[in-house]
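> Here is how the chains run, residue by residue.
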Amino acid sequence: MRINKLYLSLLVLALLAPLVLYPVFLMKVLCYGLFACAFNLVLGYGGLLSLGHAAFLGTGAYTTGYLATRVGLTPELAILAGTAAAAALGALFGKLSVKRGGIYFGMITLALAQLVFFFYLQAPFTGGEDGMQGIPRGELFGLLSLEDNLTLYYFVLAVFLLGFWVIHRTVHSPFGQVMKAIRENEARAMSLGYNTDDFKWLLFTLSAAVAGLAGSTKALVFQLASLNDAHWQMSGEVVLMTLLGGVGTILGPLAGAGVIVTIQNQLSGGELGNYIHMIMGAIFVICVLAFRSGIVGEIQKLAGRGFSRQGR
Amino acid sequence: MSADYVLQTSNLVKEFKGFTAVDGVDLNVERGSIHALIGPNGAGKTTIFNLLTKFLIPTRGTIHYNGRDITRVRPAAIARLGVVRSFQISAVFPQLSVLENVRVALQQKEGISFCFWRSERVLERLDARALELLDAVGLAEFARVRTVDLSYGRKRALEIATTLALDPELMLLDEPTQGMGHEDVDRVADLIKKVSRDRTILMVEHNLHVVSKLADRITVLQRGAVLTEGGYDEVSADPRVMEAYLGTSVDDGEPETSLKLEVPA
Ligand SMILES: Nc1ncnc2c1ncn2[C@@H]1O[C@H](COP(=O)(O)OP(=O)(O)O)[C@@H](O)[C@H]1O
Ligand SMILES: [Mg+2]
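For the protein sequence lines, the chains are V and G, in the order given. So the first sequence is numbered by my numbering: it starts at 1 and just counts up by one. So the second sequence is numbered by my numbering: it starts at 1 and just counts up by one.
There's no promise every hint is true.
Stated by the list, open to error - Looking from chain V toward chain G, a few residues come up when the C-beta cut is under 7 Å (computed):
#1 R100
#2 G106
#3 H168
#4 T170
#5 F175
#6 A181
#7 E184
#8 N185
#9 S191
#10 L192
#11 G193
Since the hints were made in silico from the structure, they are not lab data. Glycine included, every Cβ here is placed at the ideal spot set by N, Cα and C.
Generate the whole structure from the sequences, applying the supplied hints.
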């Protein structure tokens, strides 16, 4: 029951947060947090280190941007379409990559994501280096304008909760049980009759879909879909966020995203802006060397296998 | 002919980069029997299990299960056809609870394993059956324990319970009593006898006391090839068998195995 209390207090915090903090900052945290949660699904629960997750974030963003701008879809439909496009791409990536273990899996996902990146660089509708600008936030269900930051914040929070719920449910489903078994001992899972590649494929596709959902939502928040979203650096950043927050913990990626986005915001305007990548690199090193289990992982250790034991 | 045999291999060969680990093995496992595969370390027993369960692809030869050629079937499919193995190195899911270990096997036949949108609570209907299986191996009281915290012997027992959860027609056990204390060995041997009633068992076993007690038929393997085959009395009387064992335990410089000590007069 402790876990429900924790979720409840976090929800209250999230509802009240825009009274204190700038809504656009909060929305950025939620979008990257969702992206990191999606990534964590394959790394933390599937044991697969994807190095190409930016492709799904970018695909969500560009698809939503295109449909909202050129076709005039309402935001919820544009997001739905962006999510579906990312899921389809994930299904394809997954087919080509999950059969390979370890470093090969990482390499294949990285290479495929680079192909996608160059596609977005060259394609006529993406605006090339400039990106797709001025994406309209539109009116939810054609009724409620999302132009106002506070209104949009609550919409983004709802989207985040939906994505988070999908991940939470996946982890705690019959499918999630099999995934945990595969992560623990793949050969044994196979000998019990599970076609482990099929399970990994589904996990990867679900992860891509949620990453796409994050990208689509982000495109509406910033009214921009750019090459950054699909760049390999973005694939690296999400690894960093997840490691920092705690791999395989359900809340860790959100915490990691919060920290990284905060640091980026604090540094980008100021004098230290030029050193941002170095500072990120240093955090990465410290985190890998000293805090293996990440922020949430360390807290859980302190709390003595406390609140999210089931979030393993 | 194949009606009598659950499993038949014909001229089974496995080469690793020029080294022949399994060399032309013809194995015929009779339905309903307990068939033991024995031989010194490195004789190729585990490799044969890997070939039978498709973790390795044979270089040559065929495998028939219930008269059907399964030489090219995939590992997961083999399990669903009714051939389930245990592993020589204890294979459990360490971070899952003991109950969950068995339940994840029971779940396989339920057809809900891809349901990512359903709550894992639907699995609770399998708890009773899982507890029954745990009880059969003496682990019922550990049901809620995290598996990593079990002793080695209990992990092996759990593995047998998990294998049994699939109710396999042919059960392959790779050294099920290895590393166990005397009491555990007897309990596992009794359990194997008990569960052999409605199925066929092919087991690799070093403890000849267990083999003499359980096995209807014994195949002795040496350097990848069948040395001899027969009932326990026949095989244990064969001088070549003792030679094979003594020969390698000297070569390997390994401590004396329970084998030599426990050969009955
Ligand atoms: N994957 C592999 N690659 C190369 N050699 C192997 C491999 N697996 C087993 N072997 C070799 O095959 C021989 C038989 O091994 P194994 O089947 O494990 O023997 P046993 O189970 O009878 O002790 C050994 O010499 C072992 O080193
Ligand atoms: Mg062996």
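> Compare the structure with each hint and give your call.
The hints, checked one at a time:
Taking 7 Å as the C-beta cut-off, the interface hint given for R100(V) is violated, the closest approach to chain G being about 16 Å. The interface hint given for G106(V) is violated, since its Cβ lies 23 Å from the closest Cβ of chain G, which is over the 7 Å cut-off. Interface restraint check for H168(V): the shortest CB-CB distance to chain G comes to about 10 Å, outside 7 Å, so the restraint is violated. Interface hint at T170(V): satisfied, since its Cβ lies 4 Å from the closest Cβ of chain G, which is below the 7 Å cut-off.
With 7 Å as the threshold, the beta carbon of F175(V) comes within range of chain G, its nearest partner Cβ sitting at about 4 Å, so the hint holds. Look at A181(V): its Cβ gets to within about 5 Å of chain G, closer than 7 Å, so that hint holds up. Checking E184(V) against chain G by beta carbon gives a least distance of about 4 Å; that is within 7 Å, so the hint holds. Residue-level restraint check for N185(V) holds (minimum Cβ-Cβ distance to chain G is 6 Å; threshold 7 Å).
Using the Cβ-Cβ criterion of 7 Å, the hint placing S191(V) at the interface with chain G is satisfied: the shortest such distance is roughly 5 Å. The closest approach between the C-beta of L192(V) and any C-beta of chain G is roughly 5 Å, which is under the 7 Å cut-off, so the hint is satisfied. At a threshold of 7 Å, the smallest CB-CB gap from G193(V) to chain G is about 4 Å, leaving the interface hint in force.
Hint compliance for this structure: hints 1, 2 and 3 are not met, and every other hint is.
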